[in-house]
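K.L.:
Sequential numbering of the sequence shown, starting at 7, is according to our numbering.
Since the hints were derived computationally from the structure, they do not count as laboratory data. Quick caveat, the model's predicted, so the values are computed rather than measured. Everything hinted at is true.
Pair ranges (Cβ atoms, derived):
#, residue 1, residue 2, range
1, V203, R175, 26 to 34 Å
2, T201, R175, 32 to 40 Å
3, K196, E385, 48 to 56 Å
4, I19, D98, 34 to 42 Å
5, M176, D345, 35 to 43 Å
6, E49, N140, 20 to 28 Å
7, V273, R371, 23 to 31 Å
8, A47, D263, 37 to 45 Å
9, K35, R371, 24 to 32 Å
Derived BS3-like pairs: lysine-lysine, alpha-carbon spacing no greater than 25 Å straight-line:
#, residue 1, residue 2
10, K326, K22
11, K138, K384
12, K148, K217
13, K22, K8
14, K22, K321
15, K217, K200
16, K326, K294
17, K22, K294
18, K8, K108
19, K138, K108
20, K367, K321
21, K200, K188
22, K138, K8
23, K8, K40
24, K196, K217
25, K328, K367
26, K108, K367
27, K276, K321
28, K217, K198
29, K188, K217
30, K294, K261
31, K138, K35
32, K35, K8
33, K40, K22
34, K108, K148
35, K35, K22
Just so it is clear, CB atoms sit at the ideal spot from N, CA and C, and this is done for glycine as well.
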Amino acid sequence: MKVIRAGTLLTMINNKVLEDVNIIIEGDKIAEIKGGPPPDADEVIDARDHYVMPSFYDAHTHIGVAEEGAGFDYYDINEATDPATPGLQGKDAIYPGDIGFKDAQAAGVSVCITGPGSSNVIGGLQAVIRTKGNTVEEMIIKEPAGLKMSFGRNPQFYWREQKKFPSTRMGVSALIREYFEKARNYRKKKEKDKTGVDPNMEALLLVLDRKIPARIHVANMEDISTIFELQDEYNIDITLEHVTEGHLIVDEIAKRDIPCVVGPFFVAGKSLQTRFLTARTAAILSEKGVRVALMTDHPAIPIHFIRHQAALAYKAGMDKFKALEAITSQAAEIIGIGDQYGTIEEGKKANIVILSDGPFKASSRVLYHIMEGEIVWKES
Numbered sequence: 007m008k009v010i011r012a013g014t015l016l017t018m019i020n021n022k023v024l025e026d027v028n029i030i031i032e033g034d035k036i037a038e039i040k041g042g043p044p045p046d047a048d049e050v051i052d053a054r055d056h057y058v059m060p061s062f063y064d065a066h067t068h069i070g071v072a073e074e075g076a077g078f079d080y081y082d083i084n085e086a087t088d089p090a091t092p093g094l095q096g097k098d099a100i101y102p103g104d105i106g107f108k109d110a111q112a113a114g115v116s117v118c119i120t121g122p123g124s125s126n127v128i129g130g131l132q133a134v135i136r137t138k139g140n141t142v143e144e145m146i147i148k149e150p151a152g153l154k155m156s157f158g159r160n161p162q163f164y165w166r167e168q169k170k171f172p173s174t175r176m177g178v179s180a181l182i183r184e185y186f187e188k189a190r191n192y193r194k195k196k197e198k199d200k201t202g203v204d205p206n207m208e209a210l211l212l213v214l215d216r217k218i219p220a221r222i223h224v225a226n227m228e229d230i231s232t233i234f235e236l237q238d239e240y241n242i243d244i245t246l247e248h249v250t251e252g253h254l255i256v257d258e259i260a261k262r263d264i265p266c267v268v269g270p271f272f273v274a275g276k277s278l279q280t281r282f283l284t285a286r287t288a289a290i291l292s293e294k295g296v297r298v299a300l301m302t303d304h305p306a307i308p309i310h311f312i313r314h315q316a317a318l319a320y321k322a323g324m325d326k327f328k329a330l331e332a333i334t335s336q337a338a339e340i341i342g343i344g345d346q347y348g349t350i351e352e353g354k355k356a357n358i359v360i361l362s363d364g365p366f367k368a369s370s371r372v373l374y375h376i377m378e379g380e381i382v383w384k385e386s
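All chains, full assembly: derive it from the sequences and hints.
P.N.:
Okay, here's the thing in C-alpha cells:
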C-alpha cells in the first residue's frame, strides 16, 4: 500500500479541490481519500507542499509509430501505397523502445492514443496505450479505439504528387462514400456466405455499427461541413481532430455534440489549413458546451508539451478547469476509457502526478509520476 499526503488535490471531478488529504493506493487503484494522519503504509509520499492531480492523457499522437530519433525514413506512420487502408492495425507498428515513452513518463503522461497518420484518407485502426511496457500487449488499454480518417491538405497533396486518386476535396469524400458502400455490400454478402473475412471491410463495419468512432483529421470549415454530411448519411460516431477552424462553425459542432481534439498550438508559418489557427479555438468550443481534449500530435511537437497546450488554452480564455480536463478527465472520456481513468476518486486507476507548483506554471516540475500504482518517474 502507498499513501500520498496531498497538500492541494485537484480531483478533476466537478472542479473539486481538496486540501490536506491522504490518497491511499492499493495495487493499481485508488482505495480511499481521507483526511487526518496517514495510515501505516509500505510507502508514504509527502506532497503537502505540492499539487497533486490525475496524470495526463494525450488524445492524439503517433508515439511509438513515428519513432522519435529514428528519422522520417524509419517512420511507420503512413502506409502510403493506397489511399484507403482501413484494415491496418496501428498497434502492429508500435515500438515500445521509442524514447518518446520515457519523455512521456517524465512529463506525467500516463496514457495516449496512437496509430496511423494522415496521408491516407482512411488510415487504419488506432489504439489507446500506456506509456510503459516492454511489449505492445502490456501497453494496450483499448484496441481498436477508433478508425483514422483524413481530410484536407495532407491526403490531397500526397496523392496529387503520386498522380493518383484522390487529389481534391470532392475526391476525398467520394472515396469515403465508396468504401462505406463497399462495407454495406460486404455485410449483405457476409450474411449469406460467412466464409472469408476482409479486414478492410470489418474495420469499416466497426464504424458503421457504431462500435468505434471515426477519428477524423480535419482543419478547414468547409471540410468540417462535408464531414457533417457523411455523419448524416451513415449515422456514425465521429471525433474531429485538430479542428483548426472549429471556432468558425462552433454552433453546428455543439448542436451535434461532436467531441473535438484540438491543437497543437506550437505551429510556425501559415497555410490554408493554419491561417486561422488560434488557441482560442479550444475556449470557444468549450464555452458552447463542446467536449474538448487537447493534443501534441507527437512527434509533431514533443509529448512532454501536453501540459503547455492546456496552459496556452487557459491563457487564451478557456476556463481553468476545462483546460485541465482537456488533458485529464475529458481526454480520457474522448478516447474511450473514462470509466477507469482520468480523475482521482475511489475505484479509479491510480494514475497520479505530483507537481512542484500549479499546473499552468512553466517552472512547475513533475516530482512524481505514478502509473497504475507504480512510480515510473521520480525527480532525482
